[in-house]
Structure formats: C-alpha cells, structure tokens
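Q: Chains as they are written, first to last, in my numbering: chain A, 9 to 323; chain B, 9 to 323.
Calculated directly from the structure, the hints in this document are not laboratory data.
Be aware that one or more of the hints could be misleading.
Given that identical chains are not distinguished, each listed pair holds provided it fits within a single copy or across any two copies.
As the list claims (entries may be wrong) - Keeping only pairs whose Cα atoms sit at most 20 Å apart, straight-line, the calculated DMTMM-like set for lysine to aspartate or glutamate is:
1) LYS155 <-> ASP174
2) LYS155 <-> GLU99
3) LYS135 <-> ASP153
4) LYS277 <-> GLU289
5) LYS135 <-> ASP161
6) LYS226 <-> GLU264
7) LYS277 <-> GLU245
8) LYS155 <-> GLU264
9) LYS135 <-> GLU264
Protein chains: 2
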Amino acid sequence: MSNVLAIDIGGTHFRVGVFDPEGCPLKVEEGDTDSAAGRDWMLTQLTTRCRTLIGASATPIQACGLSFGGPVDYRQQRVTSVHAAGWQGFELGKWVEQNLGLRSHLDNDANAGALGEHHSGAGRGAKSLVYLTISTGLGGGVIVDGKLLHGHDCLAGEIGHIPISDSGLLCSCGGRGCLESFCSGRAIETRVREWAARRPERVERMIQLSGGPEITAKAVFAAAAEGDAAATHMVRETTRWLARGLLIIVRLLNPEVLVLGGGVAQSGKILLDNLRYFLEELASPTIVSSTRIVTAALGNLSPLYGAAQLGLHLA
Amino acid sequence: MSNVLAIDIGGTHFRVGVFDPEGCPLKVEEGDTDSAAGRDWMLTQLTTRCRTLIGASATPIQACGLSFGGPVDYRQQRVTSVHAAGWQGFELGKWVEQNLGLRSHLDNDANAGALGEHHSGAGRGAKSLVYLTISTGLGGGVIVDGKLLHGHDCLAGEIGHIPISDSGLLCSCGGRGCLESFCSGRAIETRVREWAARRPERVERMIQLSGGPEITAKAVFAAAAEGDAAATHMVRETTRWLARGLLIIVRLLNPEVLVLGGGVAQSGKILLDNLRYFLEELASPTIVSSTRIVTAALGNLSPLYGAAQLGLHLA
Chain A
9 MSNVLAIDIG GTHFRVGVFD PEGCPLKVEE GDTDSAAGRD WMLTQLTTRC
59 RTLIGASATP IQACGLSFGG PVDYRQQRVT SVHAAGWQGF ELGKWVEQNL
109 GLRSHLDNDA NAGALGEHHS GAGRGAKSLV YLTISTGLGG GVIVDGKLLH
159 GHDCLAGEIG HIPISDSGLL CSCGGRGCLE SFCSGRAIET RVREWAARRP
209 ERVERMIQLS GGPEITAKAV FAAAAEGDAA ATHMVRETTR WLARGLLIIV
259 RLLNPEVLVL GGGVAQSGKI LLDNLRYFLE ELASPTIVSS TRIVTAALGN
309 LSPLYGAAQL GLHLA
Chain B
9 MSNVLAIDIG GTHFRVGVFD PEGCPLKVEE GDTDSAAGRD WMLTQLTTRC
59 RTLIGASATP IQACGLSFGG PVDYRQQRVT SVHAAGWQGF ELGKWVEQNL
109 GLRSHLDNDA NAGALGEHHS GAGRGAKSLV YLTISTGLGG GVIVDGKLLH
159 GHDCLAGEIG HIPISDSGLL CSCGGRGCLE SFCSGRAIET RVREWAARRP
209 ERVERMIQLS GGPEITAKAV FAAAAEGDAA ATHMVRETTR WLARGLLIIV
259 RLLNPEVLVL GGGVAQSGKI LLDNLRYFLE ELASPTIVSS TRIVTAALGN
309 LSPLYGAAQL GLHLA
C-alpha cells in the first residue's frame, strides 16, 4: 500500500499532510484560513502545498482524503456549505481528481474527526464511538460496529441541531432550540459579549487572555480555570447544556467512548469536570452506563487523521 | 428449519405464539396480565399455554424468543425490572430452558418490537430503523445496518430517559427532565387527572370514552379525534414533547424509518398529524431528512413478532 494525501479545510485553519499506510503522519503542514479571500485563494494554497508534498513523498501517492469544516453532500462528494462564501455546491472531490490527479474521498470534519480518533486517537479499539467537534459550531460523527454511520440521507450525527430547549431560541439553521445555539464556541462568545456590554468590569481578565477586545471562548475557559467568577458562571451555563447533549447520546447510542474535539474541547480538565458534575445532576442513578467521556487525543488534528483514513480506504 | 415459540410479557397483556421459519404466525394467544398476582402466577400461565402450543405444533419446536416489557440485562439474559414485583434479577431465559426444554433468547419489548417491525412490519427492507414503544412508559429499539444496536452496556435506545426539558421534572428513574415524564401514557394520564381535578366539566367526554372514572390515554386521543377541546389541548402538549424526541432521533441517527408502536401509537392519524405539525415548527428548513415516520404495522404484536425473530436466530 502507498502513502496518502490528507486535506482538512476549516474555517480558521487548513492542514495538509502525507500519511503512511498505517495512518501515521509523515509530514503535516498548517496554514491560517483567510475566509475573506474566498474559495479560489484556498484552492491555490492547497494546490501549491499538495504538489510539493506529493513530489517529496518517498512512495507514489494515488489517493487523497478530504475533511471539510461544514456541511458536505457525502453521496455527491461535494460541499453544501451555505455559510462559507463560494463553496456551495462545489465538487471538491472532483477538483482534487482533476487538479492533483488523485482519487479522492470527502466527508465533513465531524465524521473525519470520528474516524481519526477511532483509528489513531482516544477511541482506538472501541467498537462504538461518538466524536463531537465543539468549535464555532457543534458537530458529531458516529461510529457503530467500527464503521461510520452516515444515515439514510447522510445526515446522521447532527448533534448541533437537536432541539434541546423549551425556549425555542431560533438557530442559524432556522430550527428552534438547537443545542448549537447554547454551547458552541459562537454561543459562548455571544454570551460573553452580552456580559461585557452589561458588566464590563467583570470581563477584564477574559479580555486580557483573549489578547484583544473580542473575547474568545478559549479565554472564557482559561479564565474560569483561574477561578474568575463571571467566566466560571459562563462555563457552568455552557456545560450544563452540553451535558444534556452528551446524556442524550449516551441514552440513545450508549457508545463505548465519547470523544470531545474541536477548539473548545482543548480546555480539557475544566470542561470535563463541569460535564461530569452536570451529568450526575441530570442522569438517572439507576440507568448506569459506562461510556467513557474523554477529550480528543489528536487535538486539532483529529479531522486530518480521519481524512487520511478516508484516503487509505481508497488506496 | 423448525417452528419457534414466541413469548411477550407485558404489564397489561401477555402473548404466546408459534411462528414458522419465515417469521409468520401460525397461532397466537393473548391473556390479561394480573400484576397483583405476581411472577409465579405469570409463569404458571405461560407454562400451561406454551406446553399446549408446543404439543400442537406440526414440526418440533426447539427454540423460544422472549420479549419482556421492562428493563432486561441482555448479557446475562435476565430481567432487571425494579417496577414489576418479583421479577428483579429473574433468569427468564434459564427458566424457559429448564421448564419448557427450549433454547431461549431474551430482550426487552422495545428491542423486540424493532426486530418485529423490521422483519415483518412497517420497516421491511429498511437498512436502518428506530422503533418507539409509547405505552405506559416510553422505550426505543435501534436497528443499524439491519442489526439491533445494543450499545456498550446494552442500554442503547433508552429514548424515554433522554433529558428533554429545562424544567428538571424528576422522573421515575431518578433522572431529571426525561422525555418519558412528558409524553408516555402515564404522563398523559397524570395530566388528564390534573385537568379532571381542576375542571371536571371539561373531561366528561373522556370519562365516557374511558368507560370509567379513570381516564385513559387512549380516551384522550379518541376525544381529541372527535374535536373535544380539552383533549385536543392535551394531545398537542404531549405530541409537541414527543416531536422533540423524534427530531433528536432523526438528527442523531437519521434512520430510514421511525416506527411508532405501543398502545398510544394506535391512535394513528391524530398522533401523526400532530407530530408532523410540531416537527415543522421545530426542525430546520435547511437540514432536510427523508426519514419516514409511521405507526407500527403489527399493532400490539410487534414485540411478539420480534420475539419470534429472537427465537429464529437460535433455531
């Protein structure tokens, strides 16, 4: 078997890499995504970097796995993102075949992340796994019997858009009360902006940690880890919602392991401690599940490792 | 292949039957469960009826599938029900082997119902299916890639105990805000009792349809189908909660078909019409799933048909 190329296109960063037939990385490169520069800019970046990687590979590369950070039409192997300008309906798989001369296999970043953590990360050897990506949005990938569950319309794992709240808050998807509206990175940042407007004296430490006036979700968790009162309050509010989502997954799918990935999950201990506290509050003491809840072992690279798996399935 | 024996033990009725190797019923008998009479009474009923069925079978019967209407320890093949007196920890599978001389295979009624509807009912030919039993309680069975999903602790499909509400209402399981507390038969009957206490003049038609002072969930749906105002209100309240549960299943699992079984589901059109209305209210117009939502084709017999499948897997 040959090496494969892996590509992960995210809203903040993009990554390309070469992986060996075991799914181990030989070379990984990362760049910042310039959303304003649009799709063609991104494709130029990918072309240049990928051609260099392909040229430098010790064995010929014939296949490429792709992770896209947004909705993907898996059957048609194209991007359906309506959020990122210029990508809607783009046949990314076909583009790779035509421009890089490689067979390709595309999935969204949550499914790719699930594959990555299952093969190379926190879920190695697990029969069933659910991977959550908690970043700007909230996505999920489900592995059952060692295989990715796509579902009838290739829409399984849409944990961000389960209706979770009685309040009926309108979500960016047009649905009501979706989990993503309460505990994604964007939701945390909206919440902290409201605090900053009402009580600017309470968010000073978060501004310092953010390195600018726009407070990041990462800074909220970091300030809470230091004991900052307002940040602690926001982390508790966020994780109580998220615990509801996790408990729903545990009750419906009862996976062996539940892996938390994406930028927000990198806060680590403070996230897990809060989630465990609220899971105890909500869950039945009589329905005892042994699902392990852990953070991603591959950090930001879970989707790239998963993209490598997508490529290896072709190779 | 030989015929098999199928047994379904429920809180209100029990059923025994003989099924042919294709999973078609040759003979089915039903009796009323006398909960007060306890476990030994039930076992005596089953012994007598099953021995008669076995004796009358045209081909020798060697295997028996069992559905139990309550929690089951699937790995240990025993009942774990803490609700029905005398059943907790009972090795029902072993009892069948010792008393009827048949190999046995036991599962809970929601998993059995899923198997039954998948093999012989509304989900024939579907690659993935979720079956909900909406009766006194609320349970679920999940079929992925044609196979029952048990989960890591054999606790998958526990849809009744997903945390659905912000209110934190305490559930009989000890958890908070569980779906079952809002839309099971028991929840409907609690709700109508509260109405009856506060506004006795509004529940007269429901009392007539129940045939006694205790208003049944069935009578609430029947009165709503006639246009009764209070019953319509209760059906709307109940189905709005249930729609949230269904949408969660669709988002997480995206099954080909979602089958509604159990006593409450037999109200049919009025249930489905209300669910579709609330699914439209809650769901995103941009995340379009084609999951079919239907009522059980086998009515009350879904778990018995599924028990036959459990037996046939052994035969």
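Q: Indicate, hint by hint, whether the structure satisfies it.
A: Hint by hint, here is what the structure shows:
Neither within a single protomer nor between protomers do LYS155 and ASP174 lie at most 20 Å apart by alpha-carbon distance, with minima of 34 Å and 34 Å respectively. For the homomeric pair LYS155 and GLU99, neither the shortest alpha-carbon distance inside one copy (24 Å) nor that between copies (33 Å) is at most 20 Å. Taking the shortest Cα distances, LYS135 and ASP153 sit within 20 Å of each other both inside one copy (5 Å) and across copies (15 Å). Taking the closest pair of Cα atoms, LYS277 and GLU289 come within 20 Å of each other only inside a single copy of the chain (18 Å); across copies the shortest separation is 38 Å, beyond that limit.
In this assembly of identical chains, the alpha carbons of LYS135 and ASP161 lie at most 20 Å apart only when taken from different copies (12 Å versus 23 Å within one copy). Within a single copy, LYS226 and GLU264 get their C-alpha atoms no closer than 28 Å, and across copies no closer than 38 Å, so neither meets the 20 Å cut-off. In this assembly of identical chains, LYS277 and GLU245 lie within 20 Å of each other by CA distance solely inside one copy; the values are 16 Å within and 40 Å between copies. Both within a single protomer and between protomers do LYS155 and GLU264 lie at most 20 Å apart by alpha-carbon distance, with minima of 14 Å and 18 Å respectively.
Taking the shortest Cα distances, LYS135 and GLU264 sit within 20 Å of each other inside one copy (7 Å), while across copies they are farther apart (23 Å).
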